[in-house]
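Novice: Sequence:
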Amino acid sequence: MPYKIAIIGASGYTGAELLRLIATHPEMEIAALAANSKAGQTIAQVFPFLRHLDLPTLVTWEEIDFSQIDLCFCALPHKTSQEVISKLPTNLKIVDLSADFRLRDPEVYQKWYGNPHAAVEMQKEAVYGLTEFYREDIRGARLVAGTGCNAATGQYVLRPLIAKRVIGLTDIILDLKCAVSGAGRSLKENLLHAELSEGTNAYAVGGTHRHLGEFDQEFSALAGEEVRIQFTPHLIPANRGILATCYVSGEAQAIYKALSAAYADEPFIQVLPFGQTPSTHDVRGSNFCHIGVTGDRIDGRAIVVAALDNLTKGSSGQALQNANLMLGVEETTGLMLAPCFP
Numbered sequence: 001m002p003y004k005i006a007i008i009g010a011s012g013y014t015g016a017e018l019l020r021l022i023a024t025h026p027e028m029e030i031a032a033l034a035a036n037s038k039a040g041q042t043i044a045q046v047f048p049f050l051r052h053l054d055l056p057t058l059v060t061w062e063e064i065d066f067s068q069i070d071l072c073f074c075a076l077p078h079k080t081s082q083e084v085i086s087k088l089p090t091n092l093k094i095v096d097l098s099a100d101f102r103l104r105d106p107e108v109y110q111k112w113y114g115n116p117h118a119a120v121e122m123q124k125e126a127v128y129g130l131t132e133f134y135r136e137d138i139r140g141a142r143l144v145a146g147t148g149c150n151a152a153t154g155q156y157v158l159r160p161l162i163a164k165r166v167i168g169l170t171d172i173i174l175d176l177k178c179a180v181s182g183a184g185r186s187l188k189e190n191l192l193h194a195e196l197s198e199g200t201n202a203y204a205v206g207g208t209h210r211h212l213g214e215f216d217q218e219f220s221a222l223a224g225e226e227v228r229i230q231f232t233p234h235l236i237p238a239n240r241g242i243l244a245t246c247y248v249s250g251e252a253q254a255i256y257k258a259l260s261a262a263y264a265d266e267p268f269i270q271v272l273p274f275g276q277t278p279s280t281h282d283v284r285g286s287n288f289c290h291i292g293v294t295g296d297r298i299d300g301r302a303i304v305v306a307a308l309d310n311l312t313k314g315s316s317g318q319a320l321q322n323a324n325l326m327l328g329v330e331e332t333t334g335l336m337l338a339p340c341f342p
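So for the sequence shown, full-length UniProt numbering puts the first residue at 1; every next one is plus one.
Bear in mind the hints are in silico, worked out from the structure with no lab data behind them.
Certain hints may be false.
Distance condition first, Cα-Cα at most 27 Å in a straight line; then the derived BS3-like pairs of lysine-lysine [claimed, not checked]:
| # | residue 1 | residue 2 |
| --- | --- | --- |
| 1 | 111 | 4 |
| 2 | 4 | 79 |
| 3 | 124 | 79 |
| 4 | 4 | 38 |
| 5 | 4 | 87 |
| 6 | 87 | 111 |
| 7 | 79 | 257 |
| 8 | 79 | 164 |
| 9 | 93 | 79 |
| 10 | 124 | 111 |
| 11 | 177 | 93 |
| 12 | 124 | 87 |
| 13 | 164 | 188 |
| 14 | 257 | 38 |
If you anchor each label on the Cβ, the simulated ranges turn out as follows [unchecked claim]:
| # | residue 1 | residue 2 | range |
| --- | --- | --- | --- |
| 15 | 78 | 332 | 26 to 32 Å |
| 16 | 67 | 120 | 25 to 31 Å |
| 17 | 199 | 225 | 27 to 33 Å |
Even glycine gets a Cβ: it sits at the ideal position worked out from N, Cα and C.
Produce the entire structure from the sequences given, and follow the hints as far as they go.
Specialist: Quick look at the structure:
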């Protein structure tokens, strides 16, 4: 029998991506869909591209009988997610796609998100959902906190390099280009076509982006000392994709060898031949992350570039990868689809 799956927040972009991926998953069945603002509507009404699927009508999350559910994905906005999850059955397996359980320290959470955490005990229970580095913890977890899409991209580049000490820790610069779907589906003036197209802009400049909380937490724990990177994201007029360009001090071949060794057995992380760099086109709609390394004209410096799809590997694909582990399913199930090109 397939595992019964519920999705709360099914009317957003990450909810739609979960539906797209789970639709052909051989060991999962979507048993309940919640979207309080669109309760009573069908998925065909909300997402016409999914009208061919036989899916439950959207309801409020309070209407779901969770005794019949094996695992629940929660794709709600930050703050709302913790309030809802704290009211779900305590034996229910949950993968949260919001930021609410990513940061382990409640004071750090309040610093970056501006409000006290409403489920501190559950925050302690949550396992950070960067699959390739927390795989064994995720297998036995009840609550997994999906990473930020920007945070995932930067960590795929930097974690192996920090762990192997092949780069300097005081001069890391991460320049990141983000597609507009990363901002969610709710209406925002600056994301209107006339406001966004034909332009690119930096945002959260000067160290104010919330994903810095994840970088600080993860890199410092990995290094055993405080690591603070410079990070500037840029909004680009594209629907999907993240391209991260990371400037580091270190010997380029040593950096390449560290990344190649770290990901040699990882099914979704592809390290390109030395000197090649990836494009967001190469990973569009897939759960793959491509990483390239090149030397710089300045001796002792290197450039590492990573590309992933923010909705798939950066969010919903990662969530499904984690859910597979939590349910004892082969980790790659439902996720080996090829990128969509062009």
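Novice: Check each numbered hint against the structure and report the violated ones by number, ascending.
Specialist: 1, 7, 8, 11, 13, 14 and 17
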